[in-house]
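J.: The listed protein sequences correspond, in order, to chains A and B. Quick note on numbering: my numbering labels position 129 of the first sequence as 129, and the sequence is numbered without any gaps. Quick note on numbering: my numbering labels position 137 of the second sequence as 137, and the sequence is numbered without any gaps.
Please keep in mind that the hints were generated in silico from the structure rather than gathered at the bench. All values reported here derive from a predicted model rather than from experimental measurement. A couple of the hints might just be wrong.
[As the list claims (entries may be wrong)] Pairs of lysine-lysine, DSS-like flavour, derived with a Cα cap of 27 Å:
#, chain 1, residue 1, chain 2, residue 2
1, B, 158, A, 158
2, A, 2, B, 158
3, A, 180, B, 158
4, B, 180, A, 158
5, B, 2, A, 158
There are 2 protein chains.
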Amino acid sequence: MKRSIGARTLAMPAPVWLVGTYDRDGRSNLMTASWAGICCSQPPCVAVSLRQATHSFAAIQARRAFTIGVPSQAQAREADFIGTASGAQVDKFAACAWTPVPSQAVDAPYAAEVPLVLECRLLHTLEIGLHTQFVGEIVDVKADPAVLDAEGRPDIRKVQPLAWDPAGQGYFGIGSPLGKAHDLGRDFGAGPQGGR
Amino acid sequence: MKRSIGARTLAMPAPVWLVGTYDRDGRSNLMTASWAGICCSQPPCVAVSLRQATHSFAAIQARRAFTIGVPSQAQAREADFIGTASGAQVDKFAACAWTPVPSQAVDAPYAAEVPLVLECRLLHTLEIGLHTQFVGEIVDVKADPAVLDAEGRPDIRKVQPLAWDPAGQGYFGIGSPLGKAHDLGRDFGAGPQGGR
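When you get a sec, could you build the whole thing from the sequences and use the hints?
T.: Spelled out as structure tokens, the structure:
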């Protein structure tokens, strides 16, 4: 019997991504976002939700573009710092000793040090409540050659992305591989229904 | 120097969640979704994107409700099967030997066997492209007492949720804890900017 624990944002895991923007004065900024996810395959899109109070919120509205950086678990300290400081007061690139790189694809910067970056142009803005969701079309993905596999795809074991636990408010690494899609579950469905 | 690898949905990690619905005939169904994420704190909301061709798509539109089940890594085989079969042809609850439980909060079912469940009423529908995004307000969360910590919150190390790798198309567990929010990065920002 399950226990009711109230109306709370307790789905897990959430990602830990770095949203890169230029503010109205042209300054590069990053913020950490976990209320986010891929939201469409074609056009390829990613959604990220921000509070209106953040410095990045106005920046996305002004430039209609952002980047999504996927930091490695070796960058967990930077990701946490970037989530606590405001770009209105602090140059977070400088504080992390990171280099802002202008995207060639959209009007937003990313950190050279982050292994995987999605370059997004703003497609939809959905006001939900405390958070507003920005849906960005992924116009290109840039990756460090060191994190690519033999087929040229980012290897999750090399990227080593972070996972966020919204219940315990902590950062986690990615664990062991458990299996491949359309393979792991192939023994199911041959029972009462007579196969797939 | 980063390499351009094209406009692809390569942000990671993505979640592995089970969307529970009643179809128009009142049959319980589940589908696996990874194009999903938390999208607002207040009201607490979760977004999940489905292709119009799925059986669950019409079900969410008809009942304006769904559940999000967070399966454990011990249920990775079931999650993969649920992502490959269609509820139009197969009773996935029966194939998994899982029990559908009617939500007390919304007009949708969930699997008794899944440790953590969010009960959602449809708040927004955003047509993006191949996928349409459904934003659901989380009206309650139900959890197995066995996965709760001393404060009554779901413990990610007990839930053992799955992570999805959209590049390698594989399932992963959650790895080691790396630190807590607003703590891990506290040594940054005391440099050139003179403190936070």
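J.: Please go over all the hints and tell whether each is borne out by the structure.
T.: Quick rundown of the hints versus the structure:
1. 158(B) / 158(A): Given that 27 Å is the threshold and the Cα spacing comes to 26 Å, the pair holds.
2. 2(A) / 158(B): Holds: residue 2(A) and residue 158(B) sit about 15 Å apart, inside 27 Å.
3. 180(A) / 158(B): holds (23 Å)
4. 180(B) / 158(A): Satisfied, since the Cα-Cα distance of roughly 23 Å is no more than 27 Å.
5. 2(B) / 158(A): Holds, because 15 Å separates the two Cα atoms, which is no more than 27 Å.
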